[in-house]
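Participant: Put chain B on the given structure of chain A with help from the hints.
Residue numbers (our numbering), protein chains in the order written: chain A, 1 to 271; chain B, 1 to 271.
Hints in this document: simulated from the structure, not taken from any laboratory.
Heads up, some of the hints might be wrong.
Heads up, the list lumps identical chains together, so a pair's fine if it works in one copy or across two of them.
[Unchecked claim] Derived SDA-like pairs: lysine to any residue, alpha-carbon spacing no greater than 20 angstroms straight-line:
hint, residue 1, residue 2
1, Lys-47, Asp-65
2, Lys-144, Asp-266
3, Lys-263, Asp-105
4, Lys-206, Glu-121
5, Lys-58, Leu-170
6, Lys-132, Gln-64
7, Lys-206, Gln-193
8, Lys-263, Pro-190
9, Lys-263, Gln-193
10, Lys-206, Asp-105
11, Lys-123, Pro-190
12, Lys-177, Ser-87
13, Lys-132, Arg-265
14, Lys-144, Ser-224
15, Lys-123, Pro-223
16, Lys-123, Leu-268
17, Lys-206, Pro-44
18, Lys-132, Asp-51
19, Lys-125, Ser-270
20, Lys-162, Lys-174
21, Lys-144, Gly-66
22, Lys-132, Ser-255
23, Lys-132, Gln-193
24, Lys-125, Pro-223
25, Lys-263, Gly-81
Protein chains: 2
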Amino acid sequence: MWIIGTGLLLVHDVNEPLKEGYMPRVGPNVHFCQVSFLIVPGVPAIKPGDDLAGIVLKTFPDFQDGDVLVIAQKIVSKAEGRLVRLSDITPSEAAVALAANTGRDPRYCQLVLDESTRIVEVKGKVIVVEHKTGTICTSAGIDKSNLEDADTLLLLPINSDKSAEGIRVLIESKTGKRIAVIVNDSGGSPYRQGAIGEAIGFSGIKALYESKTKDLFGNPCAPSVNVVDQLSATASLLMGEAGEGTPVIVIRGVSFQRDENAKLRDILISA
Amino acid sequence: MWIIGTGLLLVHDVNEPLKEGYMPRVGPNVHFCQVSFLIVPGVPAIKPGDDLAGIVLKTFPDFQDGDVLVIAQKIVSKAEGRLVRLSDITPSEAAVALAANTGRDPRYCQLVLDESTRIVEVKGKVIVVEHKTGTICTSAGIDKSNLEDADTLLLLPINSDKSAEGIRVLIESKTGKRIAVIVNDSGGSPYRQGAIGEAIGFSGIKALYESKTKDLFGNPCAPSVNVVDQLSATASLLMGEAGEGTPVIVIRGVSFQRDENAKLRDILISA
Chain A
1 MWIIGTGLLL
11 VHDVNEPLKE
21 GYMPRVGPNV
31 HFCQVSFLIV
41 PGVPAIKPGD
51 DLAGIVLKTF
61 PDFQDGDVLV
71 IAQKIVSKAE
81 GRLVRLSDIT
91 PSEAAVALAA
101 NTGRDPRYCQ
111 LVLDESTRIV
121 EVKGKVIVVE
131 HKTGTICTSA
141 GIDKSNLEDA
151 DTLLLLPINS
161 DKSAEGIRVL
171 IESKTGKRIA
181 VIVNDSGGSP
191 YRQGAIGEAI
201 GFSGIKALYE
211 SKTKDLFGNP
221 CAPSVNVVDQ
231 LSATASLLMG
241 EAGEGTPVIV
251 IRGVSFQRDE
261 NAKLRDILIS
271 A
Chain B
1 MWIIGTGLLL
11 VHDVNEPLKE
21 GYMPRVGPNV
31 HFCQVSFLIV
41 PGVPAIKPGD
51 DLAGIVLKTF
61 PDFQDGDVLV
71 IAQKIVSKAE
81 GRLVRLSDIT
91 PSEAAVALAA
101 NTGRDPRYCQ
111 LVLDESTRIV
121 EVKGKVIVVE
131 HKTGTICTSA
141 GIDKSNLEDA
151 DTLLLLPINS
161 DKSAEGIRVL
171 IESKTGKRIA
181 VIVNDSGGSP
191 YRQGAIGEAI
201 GFSGIKALYE
211 SKTKDLFGNP
221 CAPSVNVVDQ
231 LSATASLLMG
241 EAGEGTPVIV
251 IRGVSFQRDE
261 NAKLRDILIS
271 A
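For reference, chain A alone in the conformation it holds in the complex (with noise of 0.2 angstroms):
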């Protein structure tokens, strides 16, 4: 007996004994497909200049084909470097007068506008930017926790689908296995409350999913599909947002396009 997902679906003969990384039997009769989240324990904290395929294989060796590593920006900005120290700022007018109407510290507010190209929109203490990479973020994306001491900042990577791609090439390279790497941060939506993760760079994978199919009735239904950002989501959840030291996820049993020319501005819709 096949159970046969279209689409994004795995197809499993559940008269095959079980592999590992699938489970598609739960009772006598329930058969079903499996996407799992695997939550990397060990992860090491990240230093600058760290080699963090390397890292991430030494924690996690066990790669299979079609896995996609979700890894938080958090690690990734770290391993680059991107450390910036407050004390080092000097704000511009414009920052002084960012922070003034924000009751932020001017020398933040001058980063914030160092990594963007406009701002969205100021509500409050929050500043909605495009950073410079495209994606509309507050704050830039500036981050001040897991950070050592209160005058640390930690940036955005220059370009998280470079650094994807890199992490992807070195874990397929030593491995022998096609996976796809996203890297994500904590967004969120205008209309809703609370963070929810998306993708602000991936490597191997096709970030939109167009549906050539029809529906089951045969009436066309083409809406495309943001596949990365629906991955990244519950990948940040299960990362959690404070200590939890658990910024990498594999995900398995997920079917997606490879594309290796996949971009963050594949997703984005410009102003």
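Facilitator: Okay, now just chain B, sitting in the frame of chain A:
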């Protein structure tokens, strides 16, 4: 040996035999926590008046404590008979004006207006509204796909929180297991392309996770985390958008806070 995931993660003793639904071991030295998305096959086509909880239970009889059942809005709406015929609608002047602006059928526009409390934005064909339940969505969530004919449209459930609660209470009473239920739908971000699943109603699960912890270095960091949308996103991806016919996902292994009074308004930002 214990792998301890704080906050949202689970704890698993790797010396214990594997439990169904968990697979904490991938290689000789790698142990990890796992969250599984079980894609439930064989859910039949749903008709108005169907006992959705009963049908889910028949298809997936093996609920465990802590499972999160995610059900596509489409089948909830169908079971609740939220079908309307375009040919029964007489458009008002406002609907005719909206139709002229958007190039859409005036009767369709009437339905969108009937289901909404306000128009948020009109961009070309796209009508973003606040649905009566408070959720911001395009076309008031009115659905044309997976319906028998072009004259039939499907409205959102009147109150998806109540829908989720009814399903949860019934499944809990029949199985003796404590679960959560989320009704999800395709949403999206104004800044990003492609559909991203989001929750439009839920029961038994605290929607926002407020971290009370400090970060790895003891600095305060307490962004709230949108639990239900982050789970809905990957669930939507796995359900597929077209004719895949897998509108039921069970998420196993994710830790969440029980909340029997949870409601959609908990995560909405009011205008």
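Participant: Hint by hint, say whether it matches the structure.
Facilitator: So, going through the hints one by one against the coordinates:
no.: 1; hint: Lys-47 / Asp-65; in the structure: neither (29 angstroms within a copy, 40 angstroms between copies)
no.: 2; hint: Lys-144 / Asp-266; in the structure: neither (29 angstroms within a copy, 27 angstroms between copies)
no.: 3; hint: Lys-263 / Asp-105; in the structure: neither (33 angstroms within a copy, 37 angstroms between copies)
no.: 4; hint: Lys-206 / Glu-121; in the structure: neither (30 angstroms within a copy, 29 angstroms between copies)
no.: 5; hint: Lys-58 / Leu-170; in the structure: within (13 angstroms within a copy, 46 angstroms between copies)
no.: 6; hint: Lys-132 / Gln-64; in the structure: neither (34 angstroms within a copy, 46 angstroms between copies)
no.: 7; hint: Lys-206 / Gln-193; in the structure: between (28 angstroms within a copy, 13 angstroms between copies)
no.: 8; hint: Lys-263 / Pro-190; in the structure: between (24 angstroms within a copy, 19 angstroms between copies)
no.: 9; hint: Lys-263 / Gln-193; in the structure: between (27 angstroms within a copy, 13 angstroms between copies)
no.: 10; hint: Lys-206 / Asp-105; in the structure: neither (40 angstroms within a copy, 34 angstroms between copies)
no.: 11; hint: Lys-123 / Pro-190; in the structure: both (11 angstroms within a copy, 17 angstroms between copies)
no.: 12; hint: Lys-177 / Ser-87; in the structure: neither (45 angstroms within a copy, 55 angstroms between copies)
no.: 13; hint: Lys-132 / Arg-265; in the structure: within (11 angstroms within a copy, 34 angstroms between copies)
no.: 14; hint: Lys-144 / Ser-224; in the structure: between (35 angstroms within a copy, 15 angstroms between copies)
no.: 15; hint: Lys-123 / Pro-223; in the structure: between (32 angstroms within a copy, 17 angstroms between copies)
no.: 16; hint: Lys-123 / Leu-268; in the structure: between (22 angstroms within a copy, 17 angstroms between copies)
no.: 17; hint: Lys-206 / Pro-44; in the structure: neither (30 angstroms within a copy, 31 angstroms between copies)
no.: 18; hint: Lys-132 / Asp-51; in the structure: neither (25 angstroms within a copy, 51 angstroms between copies)
no.: 19; hint: Lys-125 / Ser-270; in the structure: between (25 angstroms within a copy, 18 angstroms between copies)
no.: 20; hint: Lys-162 / Lys-174; in the structure: within (18 angstroms within a copy, 51 angstroms between copies)
no.: 21; hint: Lys-144 / Gly-66; in the structure: neither (34 angstroms within a copy, 33 angstroms between copies)
no.: 22; hint: Lys-132 / Ser-255; in the structure: neither (31 angstroms within a copy, 36 angstroms between copies)
no.: 23; hint: Lys-132 / Gln-193; in the structure: between (25 angstroms within a copy, 18 angstroms between copies)
no.: 24; hint: Lys-125 / Pro-223; in the structure: between (36 angstroms within a copy, 14 angstroms between copies)
no.: 25; hint: Lys-263 / Gly-81; in the structure: neither (22 angstroms within a copy, 42 angstroms between copies)
Violated hints, listed in ascending order, are 1, 2, 3, 4, 6, 10, 12, 17, 18, 21, 22, 25; each of the other numbered hints is respected by the structure.
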